[in-house]
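*Asks:* Throw the hints in and build the complete structure from the sequences for me.
Each residue of the sequence shown is one higher than the one before, counting from 1 in the numbering used here.
Below are the SDA-like pairs computed for lysine to any residue, each with C-alpha atoms no more than 25 Å apart in a straight line:
1) Lys55 <-> Gly135
2) Lys112 <-> Trp191
3) Lys112 <-> Ala63
4) Lys172 <-> Val136
5) Lys114 <-> Ile197
6) Lys55 <-> Val142
7) Lys114 <-> Arg207
8) Lys114 <-> Ile22
9) Lys114 <-> Arg199
10) Lys114 <-> Gly33
11) Lys114 <-> Leu59
12) Lys55 <-> Leu67
13) Lys55 <-> Ile27
14) Lys55 <-> Ile22
15) Lys114 <-> Thr204
16) Lys172 <-> Ala161
17) Lys55 <-> Asn206
18) Lys172 <-> Leu127
19) Lys114 <-> Ile188
20) Lys112 <-> Arg37
21) Lys55 <-> His209
22) Lys55 <-> Gly33
23) Lys112 <-> Leu57
24) Lys112 <-> Thr11
25) Lys114 <-> Glu205
These are computed hints drawn from the structure, not numbers from a lab. Just so you know, these numbers come straight off a predicted model, no measurement behind them.
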Amino acid sequence: MRAMTIALTITLALIAYLLGSIPNGYIVARTRGIDIRTVGSGNIGATNVFRSVSKPLGLLTFALDALKGFIPAMFFPMIIERATGCPDTGRYFGILFAVTTVIGHNWTIFMKFKGGKGVATAAGGLLAVIPSSIGVGFVVWVIMFATTRYVSIASIVTAVAVGGVTWWFYFKDHGWILPFASTLLSIIVVWQHRGNIRRLCDGTENRIHFGRGPNSGSAAS
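*Replies:* Here's what the structure looks like:
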């Protein structure tokens with residue numbers, strides 16, 4: 001049974017990676033004849049699509065990226081539980097598949113291991129596993145974005161906040177695995193924003209604007 005569980009987990013983790021690797025931003029932009037890698041920041045994430053292609057397609061990309069994080073984290077643990085008869089393991093397998101999907105998104109096999117920054121995909125995965133933390137993260141993101149109009153600042157601060165509050169919400173009842181994995185995802189997201197951090201320090205980072213004309217912003221997913 002243990003060998004079966006390990007084999008099934010590895011198989012599903014690989015599927016989660018491949019699902020995460022689907023470059024939704026690239027595909028969505030291609031419907032308008034645009035190679036998203038050649039416009040704006042060059043990132044394939046939702047914010048660059050929002051800024052460089054259209055607002056509706058940017059929101060669609062965000063939703064698709066979040067969904068590909070949510071599906072493995074929510075449903076793949078059910079497969080393991082039914083196949084192995086191991087109950088009450090969903091959160092732990094779910095966080096594993098959330099991390100694997102984010103790795104696929106950030107380092108996609110379909111784009112020569114270049115991808116997005118993992119914000120939307122991490123949010124979708126963590127929503128399935130630790131919804132209380134994501135609720136706090138959503139509030140933090142809205143406040144930071146409304147205050148600064150920098151997607152990058154909102155995303156970085158939210159990543160740190162989610163990593164922190166997960167220890168508060170889940171450590172006592174679930175141990176260190178969930179908070180540790182959430183913190184790992186936070187570190188990955190912040191690391192992927194290192195270029196944005198440099199631009200913020202230099203004063204060259206762009207804000208998102210909602211008026212007429214092109215939007216400015218930094219790719220965040």
